Amino acid sequence: MVISMKKIEAYIRPERLEDIKIVLEKYRLNGMSIMQIMGFGNQKGWKEIVRGTEVDYNFLQKIKIELVVLDEQVEQVVDSIVETSHTGEYGDGKIFIYDVADAVRIRTRERGEDAIK
Amino acid sequence: MVISMKKIEAYIRPERLEDIKIVLEKYRLNGMSIMQIMGFGNQKGWKEIVRGTEVDYNFLQKIKIELVVLDEQVEQVVDSIVETSHTGEYGDGKIFIYDVADAVRIRTRERGEDAIK
Amino acid sequence: MVISMKKIEAYIRPERLEDIKIVLEKYRLNGMSIMQIMGFGNQKGWKEIVRGTEVDYNFLQKIKIELVVLDEQVEQVVDSIVETSHTGEYGDGKIFIYDVADAVRIRTRERGEDAIK
Amino acid sequence: MDHGDVAWILTSSALVFIMTPGLAFFYGGLVKRKNIINTIMSSVVLMGLASILWVLIGFSLSFSGDIGGVVGNLDWFGLGFDGFTDATFAPNTLLFAAFQMMFAIITPALITGAIAERMKFSSLVFFTALWSLIVYYPLAHMVWGGGYLAAIGSVDFAGGNVVHISSGVTALVLAILLGKRKNYGKATYHPHNIPFVLLGAALLWFGWFGFNAGSAGAANELAVHAFMTTNTSAAAALLSWLLIDTLKTGKPTLVGASTGLVVGLVAITPAAGFVPIWSAIIIGALVSPICYFFISVVKPKLGYDDALDVFGCHGIGGIWGGIATGLFAQNSINEVAQWDGLVFGSATLFLRQIAAIGITIAVAVVGTLIAFGIVTLFTKGIRVSKKDEELGLDISEHGEAAYPAFNGMD
Amino acid sequence: MDHGDVAWILTSSALVFIMTPGLAFFYGGLVKRKNIINTIMSSVVLMGLASILWVLIGFSLSFSGDIGGVVGNLDWFGLGFDGFTDATFAPNTLLFAAFQMMFAIITPALITGAIAERMKFSSLVFFTALWSLIVYYPLAHMVWGGGYLAAIGSVDFAGGNVVHISSGVTALVLAILLGKRKNYGKATYHPHNIPFVLLGAALLWFGWFGFNAGSAGAANELAVHAFMTTNTSAAAALLSWLLIDTLKTGKPTLVGASTGLVVGLVAITPAAGFVPIWSAIIIGALVSPICYFFISVVKPKLGYDDALDVFGCHGIGGIWGGIATGLFAQNSINEVAQWDGLVFGSATLFLRQIAAIGITIAVAVVGTLIAFGIVTLFTKGIRVSKKDEELGLDISEHGEAAYPAFNGMD
Amino acid sequence: MDHGDVAWILTSSALVFIMTPGLAFFYGGLVKRKNIINTIMSSVVLMGLASILWVLIGFSLSFSGDIGGVVGNLDWFGLGFDGFTDATFAPNTLLFAAFQMMFAIITPALITGAIAERMKFSSLVFFTALWSLIVYYPLAHMVWGGGYLAAIGSVDFAGGNVVHISSGVTALVLAILLGKRKNYGKATYHPHNIPFVLLGAALLWFGWFGFNAGSAGAANELAVHAFMTTNTSAAAALLSWLLIDTLKTGKPTLVGASTGLVVGLVAITPAAGFVPIWSAIIIGALVSPICYFFISVVKPKLGYDDALDVFGCHGIGGIWGGIATGLFAQNSINEVAQWDGLVFGSATLFLRQIAAIGITIAVAVVGTLIAFGIVTLFTKGIRVSKKDEELGLDISEHGEAAYPAFNGMD
Ligand SMILES: Nc1ncnc2c1ncn2[C@@H]1O[C@H](COP(=O)(O)OP(=O)(O)O)[C@@H](O)[C@H]1O
Ligand SMILES: Nc1ncnc2c1ncn2[C@@H]1O[C@H](COP(=O)(O)OP(=O)(O)O)[C@@H](O)[C@H]1O
Ligand SMILES: Nc1ncnc2c1ncn2[C@@H]1O[C@H](COP(=O)(O)OP(=O)(O)O)[C@@H](O)[C@H]1O
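Protein chains in written order, with the working numbering: chain A, -1 to 115; chain B, -1 to 115; chain C, -1 to 115; chain D, 155 to 564; chain E, 155 to 564; chain F, 155 to 564.
Looking at chain A on its own, in the form it has when it is part of the complex (with noise of 0.2 Å):
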């Protein structure tokens, strides 16, 4: 049997968060996870003044968003997550993609793509 789903990973800004839940909405995707991570990427970490003395921020508050989905629908999403966490900055975020071997609905015991459908 050959799976065609797939698993996308986005590290994204908080803030875009409510704006790319609205946007996936319109998908019907039945299923999202998040996480509150911290990162690095290009853009750094910022520095906070305590009583005059810097202290670095190596890592920044980001939400990764996770999405298991058929293959036909990853241009789809990822497009809408680009679409609405891009602002052109540093700190935008990345997507990831993976191959996904397979999948349960643990309420129906569904295998596969019925899993997530």
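By construction, these hints were calculated from the structure, which means they are not laboratory data. Every value quoted in this text rests on a predicted model; they were computed, and no experiment measured them. From the three backbone atoms N, C-alpha and C, an ideal C-beta is built for every residue, glycine too.
Here chain E is said to cover these stretches of chain F; the calculated rule only asks that three of the stretch's residues, wherever they fall, bring their Cβ under 8 Å from a Cβ of chain E: (1) 161 to 172; (2) 176 to 183; (3) 192 to 202; (4) 229 to 238; (5) 543 to 557.
We have chain A; now place chains B, C, D, E and F with the ligands onto it with these hints.
For chains B, C, D, E and F with the ligands alone, coordinates are given in the frame of chain A:
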């Protein structure tokens, strides 16, 4: 070298974690990681009434489990998670399975399957 | 198009993070994400004594690092993490490596390897 | 000077002081995590600013002399009376000034809940300073400094008009002028740290004993009476809010309990030293449904974004308290109330209470418009940029994250 | 009426008031994150409920008249005495009522720690109301209102019997009736927010100065004495708990320090105004090992699930305090103690203390059974469903998450 | 004995008490998450230890008799005077002992901020006990117990020398002896929980009203005066710190506001009952730039690791306060100051203030070296291992995690 390990990622109800842990210990898995995430799926978020006004929690609190296991263990582990987490109601969660390219145990520098044995 | 990127996921001791960061900066990696997780492995959880009664922390606090790099960087990065995190005691952690299907830099819309260069 | 009275007013001053940090936690727990520093800071800065203004000119403008029944003069600039001997006010003028100072701190702090999560910090500081000058000192003078509202015989035991209606109405006007938060109505505005909300509410209740019972000016029977009415109203309002929660959704909430107790305290403030204890049960029991109805039914219709319901709680609750004073006051409890309340058959006090409320609202609206106008003139934009609002005011205005370790490293 | 006494009792009332929110944090920090709202709420609702009950009937049933040495009458329904002139109790009956009200709030709140994380909120509210009626008001009457326990000459300075033994014993009975939490013994029950535990413990110590030194009824030498014994016992117990921690595991814990200071305060409560200061060191130093032994050795054998060790701390600590009063009391310190304690050669007081403890236990057990019976009759199930317990009571009972932003979005 | 005075000093004692938990939160919020338990515990253990030491020998060594102007004797071992009648100190010796006890708790607690995140808990406990004996009791005696510093006519209203300079200087010496934290300069030391910092700072301000106004020893005009200077200086310093923040980075910070208000309180401490109110504005407004300059410019050059800037805040702030007292004191405000300050034309007091500061510094330095020497002799290593430092002192020293549920399970 063909690596025959899989990564299992399960998004489950937080309240099922205690039970899952107990079941997984049976298989003498020697490693597992969990993290708190927010998820949305067929189970829609809940509404909180703040001072008479509805506010939505679009996302629900979930636990994500990450487990790298040998190929032959996959079905057993998946079954156990399904067994323990299944309630039949929306929100039971999903399990996704991925291929693993390689593994390292930092303590011993073992590579590949040895790293998780 | 053959994508030659790998994702490295390392589960490490929180107290090693500062040092790992310093070492990884040497390789001019231009991106990395970290998150707090709970883990259990060969190192068993610790016991806290609350009012004379033992309570278990089955899970220990760990840090997970996620790094997408080019294939040729993988060994170097893995070695660095091992070097810095190795103490020889249980709980040093594990590193897993996965294939990446594609990547996007949101800021520039670059795809594939360019996205992480 | 009775040392017992001094002991109680010193204690009361400290108790009222702790209300402002309490408010900071009450408000801070209600906003999003990315705005808690800004929200707390909005109260904290007033612990500095309002104190210094008070010492320099505020006390004098409120309590020295009288210009047209509206405001005091500057004779006591810099507290320029003899602090060791002057006893114009009881128990001693300097102690009275200290006690009243705490009111002058918390009143503008109350306003800041309305404009949370979107107003520039510098503009807010500027606004509250101006507002103290234009609205607060005159009102304090009119009610307690021998001004017009005292002259017409209206009463306000511990600040229903001066503190709550004035800040509540200002909050409403300012929220309208400032506009809504991004995604208001769509985005989720749920409290990010409810234990902090309760911590703040508890400190408010605790401090309110000084606020109301200290307003007796002595450790006397009236103070004891005010102590008891205060607690009773807070308790009744806490319960009635929980009852509404339960009737509406089956789930009594801690935010509801905290809000209920606060509006119970607000409502009893003008009445505490005038009304019988049994009436405090009624005053408290009714304030929650009144405020709840306003916040959940009226406010959405009007469509302004008073982020933490300052108007709905302090404005509406304060108005109800002022009216209730006109209903339940008894001359036999405190002869400062020259007439009994409406339920005891006399309409005189009641009507004067209504008049006093109207005048307070007018002063607050006009004063706020003037202060807002001046601030707008002198600052480029009173609101943070859309981007900063998304990012959160903690980082954009203060360069700080409240709990950075909670999803990062230790 | 000495204004200095009024000042101190007003202050003490406010101090005892803040103990209930303090308790809410002490308990709230100890439970799982998913149950903190419910735990805090269990105390907070009593700030409303117990206040109103007190004003309506509680004070009257405790302190007005006497029916058979067991309970008061309803003559003072709704505080129906003249609050400005009645001085049946010092310094003034209304102030005494306010001070005592705070005790009537915190005592049932103490119980709620035992049944944390599994009892239905509605049943809890119903139970604590009934319990106040059946257990608390009678006990307050018997000890302080001229009832039986006073008549036999036993003493209880600030509530060892009335507050601590009664709530502790009730906690035990209720925990047994209610059954254990799911996975008790297997699952990990570790405190989710230790700084909150300390915040609560600190507020308790702070408020306890009012509790004990305020129980002198005046700002006099006895109040000063009680202040010093109170602090000394808390300090000694804090240290002895840390010593046990260190001896057992090498690691002195903050939960241990917090628990130790609380049991030190519990133990000195009945004794504070009767015993010499040096004995407070002994009372405090011994209460920690006694409670520690009970909690870590006896309790697991008995196998009930008193979630936050209310019986182990307040029950056992209170019993030790009552006994210690019988050991160390001195008539020369406070002539309310008609005899010296056992260490000074007289067994009379000692035996009456034992008797008083026995009677208190009996009242608490019987009263709890009755109240529990009634609640069970009128509600369908006093315990949340297994599913709700797993989900956490914050969501299931209150529809709130305490800190939703900490693993979600801002 | 005036009951009003008793009421106020009892209240003040409770207020000063709550400062130590306040400090625990102020410090605890500033450290890394993995060290908050240890940081809080360092203050909390002193609530036990310093109390018991005080009751046993501390009060006696500070206030009973006089040995060479340097220290008291042991005649009052175990508070061995008649607590009900002795009135050597006002308002009553036992109450004075209770009030002073709270100072003896918080002073060593202040030190612990300097050595946060790396000192062994057992060594710290041992050190603070010794230090109380060698440094604190003698200093308290010299200043308030009729010793040398009183004899030369220097003044210290509420503990500029005894509390702040002594703890600040000790902090500096100890930080140097102990060495820097791992990665100091490289790693990021940012506060992990800023709302806790403000909670602590607010409790400190609240309690400081008791600290300073209680130091009048009565509920009199001087207490009122000290109350007002205290608030004014804190307010001015809060504002001037925010001004510096704004000028330097455009972003006023909550940590800055909290630090500013604390140093404002420190600076006014020796002066509160001696200087006119207007000068409190100057004292407060200047202390922030002085401390800020020291912390941000001087300290990095010197290169020691005083983790939470105890020397920069309490040492420097206290020295400025002592000098300012010599500048602005007025004999007409409080005749304990035998001469007016420098700005009123007399240099006598000013020079004696300088002398007193010098002597305090000398006592603190020498005493710290001795105490450190003894501790080092008797313990194997005063610092935790490098590995434990990385792991965090909460786990390594106390076996507890402060908020385990926040990235785990409920
Ligand atoms: N190679 C990578 N591996 C893992 N995470 C990455 C990687 N590159 C970027 N990230 C994540 O994406 C976030 C944004 O990346 P950044 O490089 O600042 O964006 P940009 O390159 O568009 O300026 C980072 O904070 C980090 O969390
Ligand atoms: N396609 C998906 N990609 C990523 N996470 C998902 C996906 N589908 C579900 N999840 C995760 O699983 C959780 C439970 O899913 P849900 O759809 O509610 O279960 P069910 O379909 O059994 O009702 C979600 O809250 C989310 O965290
Ligand atoms: N098979 C696995 N799958 C997922 N995570 C794992 C696995 N094995 C280990 N881990 C993670 O790595 C951490 C350290 O592992 P541990 O087994 O204690 O190291 P070691 O084997 O070197 O003693 C664990 O706490 C867990 O978070």
